[in-house]
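Line by line, the protein sequences give chains E and B.
The first sequence: position 343 = 343 (UniProt numbering), numbered continuously.
The second sequence: position 154 = 154 (UniProt numbering), numbered continuously.
A couple of the hints might just be wrong.
To be verified - Within a straight-line C-alpha distance of at most 20 Å, the following computed DMTMM-like cross-link-like pairs (lysine to aspartate or glutamate) qualify: (1) E:Lys235 with B:Glu107; (2) E:Lys163 with E:Asp339; (3) B:Lys212 with B:Glu107; (4) B:Lys138 with E:Asp43.
Quick caveat, the hints were computed from the structure, so don't treat them as lab data.
No experiment lies behind these values; they were computed from the predicted model shown.
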Amino acid sequence: MPLINMPEFSSHLLDEFAARGTARIDTPVIQPAAPFLDMAGEDLRRRIFLTESETGESLCLRPEFTIPVCLRHISNATGTPRRYCYLGEVFRQRREGDNEFYQAGIEDLGETATANADARAVNDAMQILESLIPGRRLTVTLGDQAVFEAVVRALGLPGGWQKRLIQSFGNNAHLRHLLMTLASPQAVSGLSPELVELLGQDEAALIAHIDRTMQETGYSTNASRSPREIAARLKEKQSLAETRLDGSALVLLTEFLSLELPMSQAPAALAGFADAAGLAMGAALVTFEARAEAMADLGVDLDKVTYRAAFGRPLDYYTGLVFEVSRENAVLAGGGRFDRLLTLLGASEDIPAVGFSLWLDRIEQARAR
Amino acid sequence: MSTITIALPSKGRMKDDASAIFERAGLPIVAVGNERSYRGRVEGHGDIEIAFLSASEIARELGAGTVDFGVTGEDLIREGLADADRKVEIAARLGFGHADVVVAVPEIWLDVDTMADLGDVAADFRSRHGRRLQIATKYWRLTQQHFSGSHGIQLYRIVESLGATEGAPAAGQADIIVDITSTGSTLKANHLKILSDGVILKSEACLVRARKAEHDGDVRITEIVEAVRKVL
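In isolation and in its complexed conformation, chain B is listed as follows:
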């Protein structure tokens, strides 16, 4: 029988919370070799292998089908994979790692409260400022889907931002941002506000299954999903 591979976050809160859930689910995870090893196994289940990966790599490996399950944020799944729902299935929402992907604009843009307002501002931006409205984000795909797909806003430019995105508007790198926030305190500290219809995705850590043909009829797959769901 083939080995089932589960990819878990390799560090931080996400790693601890994910391990705790598997423990409760009767699938206690132990590292292979020393504590810092990136390979693990599940006690009493010789046919399950654990791969500790970075959260965004987990999304990619799930998309490629090189792992069977993964624990990662829904934001990384939806951003990292084209046609996510065709490639993977969200088997369980795990109740930790809550964070929203949001559209935030400078607080002082008193006239901008909705995406429709932002659409008006974007439409005029070039004629007023000689360039398109700029959005700092690392969420290219989610931004495009929300702006063009859901709100018919085409005229903007994405400025790639890999960190400290909230600082981009004040630093003049971009006009607004699309970023992840859990409490909103960093946004507030940087004088940004979330648009009233600016929540693109309410994300949390999920147990995600790669849609693979060989999973059909494999009882171990259903057992893992059921075991995790039961302890949530």
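So that you can see chain E by itself, here it is in the shape it has in the complex:
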């Protein structure tokens, strides 16, 4: 039976947050479940504690802080930029470790100088961990969703394939499977002969056919996908199936994903890769290099940060930087840039955002050792 008390280093942590000019924010422990399931997917359902209100609303115990902090920011309408910090309990069904534990972190919302904000988030996480666990070796791993996306785009694949690859970034098993599919030709299946003929005609005929069938089957009234959408994707699917990644592109993509090197060498290595491959990766590389410089300016030792090209998180609101600080295989801090999250949660304008959270139970264990 775990007795959950605030970690003894909590006040030190709050001092660290205050020294960085962040404002403490608290959020209710009981949260509406829908935003978490919408953002992270149904998989989360098994890992959170769900309940229901008397009126049938699905509620959960706060499984993390980023979404509640963003929701609160949106409802407070206090304007940006804002840097929030939090410290509190979160609840998850875990195979290992307790089901309730403390997390703390910083969410930096609305800072438009994104390279600097990224660098500050990484630096803050590293500095705070170094102060909590002095003198121990920490492993810092950094990835970048935007760089992967730039590589995929530069390879000139059809849009549908780009989307598939980008979507699966961070899920390495699935990504490997996709690359294998791309390497071998495949036929479109499940099309009737009359459909094949319709596909040969103009799109209007196809749309009309779909529309008619929908009317006849009584499906139109509540149809989520329109005849136009179905027709367009059918055409796209045909072109996707005919696409084969030529050998060299596959080699390039695989080569890129295997990149793993100190951050101090990463910008040059990426530029070299782009040059050698003849890929125009433009803005993503500029941002990557600017971030590395900003990290160096803040005093981060870039030799101690590892860039791993395949490191990502398969959630569609992450847009750029992702990073992790760990010690002996235990992740102590995780963070990243999630520029899409606030609009997904209902913010009326784009709000760039970066942040990280600290796993206080693991930090406590690392301190005890």
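Let chain E serve as the given structure and place chain B on it in line with the hints.
Here is chain B on its own, set in the frame of chain E:
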């Protein structure tokens, strides 16, 4: 010697088919008291007790180890129990109650024939329709395993549906369904089609044993399994 409890479906075809198999296996079941009683015994085996339960409760009781054997659909075992293979063993497939748990989409989704197609549609769904793709089902666990585990599809929402699931897409409650089907005729009548790789589980009624330590070395356990297997 302890009593062995066998849980059987309490009504319908499943009850009759299960009783028939035990009869053939030389373990004729008689109700205790009147015909409608939910307790039974096996003639000539005073140490075996029959509990008539609803099919989904049988899965739960097996998982909890409160019964030794149960006859129920594999779908209910895999859906009802986390880590099913660790908790129970499928001792025999009984050859009745055949039904597949399938992913079915509107027939008119001409562009969707595989899970990969569905993955593409799900990825874009939010930006096109302002919400995630919705799946009506009562099979939460099987759906998650198939979508996330086997096909890397994360972005969807489950809408709980306890009955008439096939009607959900036309009624606008969900976009697609995961449901059980034996002949496919209800799917067809509701203009739904099964994806080519959309069969999640080929289910049938099974004799299921709860994995309990006290079964080790108990010859009666092996005898019951062997008797049933012999008549299949």
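Taking the hints in turn, this is what the structure says about them:
no.: 1; hint: E:Lys235 with B:Glu107; result: 17 Å, holds
no.: 2; hint: E:Lys163 with E:Asp339; result: 18 Å, holds
no.: 3; hint: B:Lys212 with B:Glu107; result: 46 Å, violated
no.: 4; hint: B:Lys138 with E:Asp43; result: 15 Å, holds
In terms of the numbered hints stated before, the structure departs from hint 3 and from no other.
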